[in-house]
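J.: Letter by letter, the chains look like this.
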Amino acid sequence: MDQRAILNHEFTVAAYTVTWVIQLTYLAFLGLKWRAEKRAARTGNALRRQADSGAHRP
Amino acid sequence: MKKLGISLYAVVVIALLVWGFYQAIYVAPLDAMQGEIFRIIFYHVPSASVAFLFFAISLLGSIGYLTWRRSRPEWAQRADAWALAGAEVGVVFCTVVLITGPIWGRRAWGIWWTWDARLTTTLVLWLIYVSYLLLRRFAAGPQVQTLAAVLGIFGALDVPIVYMSNRWWRTQHPAPVFGGGEGSGMDKSMLGPFMWNMLAWFAWGVLILALRYGVERLHQKNAGREQMEALESRV
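Here the protein sequences line up with chains A and B, keeping their order.
With my numbering applied, the first sequence has no gaps in its numbers, which climb one by one up to 989 at the end.
With my numbering applied, the second sequence has no gaps in its numbers, which climb one by one up to 241 at the end.
Hints in this document: simulated from the structure, not taken from any laboratory.
Given the structure is predicted, the values throughout are model-derived calculations rather than measurements.
Glycine included, every Cβ here is placed at the ideal spot set by N, Cα and C.
Fair warning: there could be bad hints in the mix.
[As the list claims (entries may be wrong)] Here are the simulated distance ranges between beta carbons:
#, chain 1, residue 1, chain 2, residue 2, range
1, A, 969, B, 169, 32 to 40 Å
2, B, 130, A, 933, 19 to 27 Å
3, A, 962, B, 137, 45 to 53 Å
4, A, 951, B, 120, 24 to 32 Å
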C-alpha cells in the first residue's frame, strides 16, 4: 500500500469515526434528558399525591 | 405495545446501519480518481439529506405553532415539539456534514476549508439553527416559542439556497451527483451501497427524531404541571 492509499484510508476511518461519535454522543445526551424528565415527572406526581392526601386530612 | 414497536424498529435500524457499513466498505468499488476517500460520500450525503428533511419538519412545526397557538394550544404544543426536535436533530446531522466534508476536502483538494458557495451556505444554515437552539435554551418568557418559530421559518429559507448553491455558482464543491443534469449520476456498482446508506441514515434519523419529540413532550407536560402547581399554591 502506498503512502497516498494509507492516508486515504486513515481519513476515511476518521470521517466514519467522527460520524459515529457525534451520533452516539447525541443519543446518550437524549437518554440522560429522558431520564431527568421521567424523574421530574415521578417526583412531581409523588409531591402532588402527598399534597392531595394532606389537603383531605381533617 | 408501543415499547415493543420502538424496540423492533431500533433493531431494524441497527441492522440497516450494519448492512450499510458493510456495503460502503466491502461492496462499493474504489473510485478510479479518488481511491478510498470516496467512501466518505456514503455518510456525508445521507447526513445532508436527513438534515434538510428535518429542517423542513422544523419549518412545518414552526408554521403549525404560529397557526394554532391561540386557537388550539394542545396542537400548537405538539407542533412546537416537532419544530424543536427537527431543528435539534437537523443540527446533529448538519454537524456531521460540516466535519466529514472538510475531512474529504483535505485529501481531495489539499485544504480543510474554503469559502465556497456550498460550504458557506451550509455553515450559515448550521449557525442559524444553533442560534435557534440557543434561543430556546437561554431565553425565558412566554414569547420564546413564538420567537423561535419565526427564526425556524427564516432558517429554513436557507435550505433551498444550500441545495441550489452548487448549481447556481460553480466554485470548489463538486457538481451535484444527483439531479445535476447531463454527465451527473453514479455508477451502478456504487449506487446500491449509496442507497442502502441513504435508507439506513434516514431510518436512524427518524428513530432519533421520534425520541427527541418524546423527550420534549415529556418536558412540556412537566413544565405545564409545575405551572399549575405554582398557580394553585398562590390561591
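J.: Determine for every hint whether it applies to the structure shown.
T.: Each hint tested on the structure:
no., hint, result
1, A:969 - B:169: 32 to 40 Å, "holds (39 Å)"
2, B:130 - A:933: 19 to 27 Å, "violated (39 Å)"
3, A:962 - B:137: 45 to 53 Å, "violated (26 Å)"
4, A:951 - B:120: 24 to 32 Å, "holds (26 Å)"
In summary, the structure is inconsistent with hints 2, 3 from the numbered list given earlier, while agreeing with the others.
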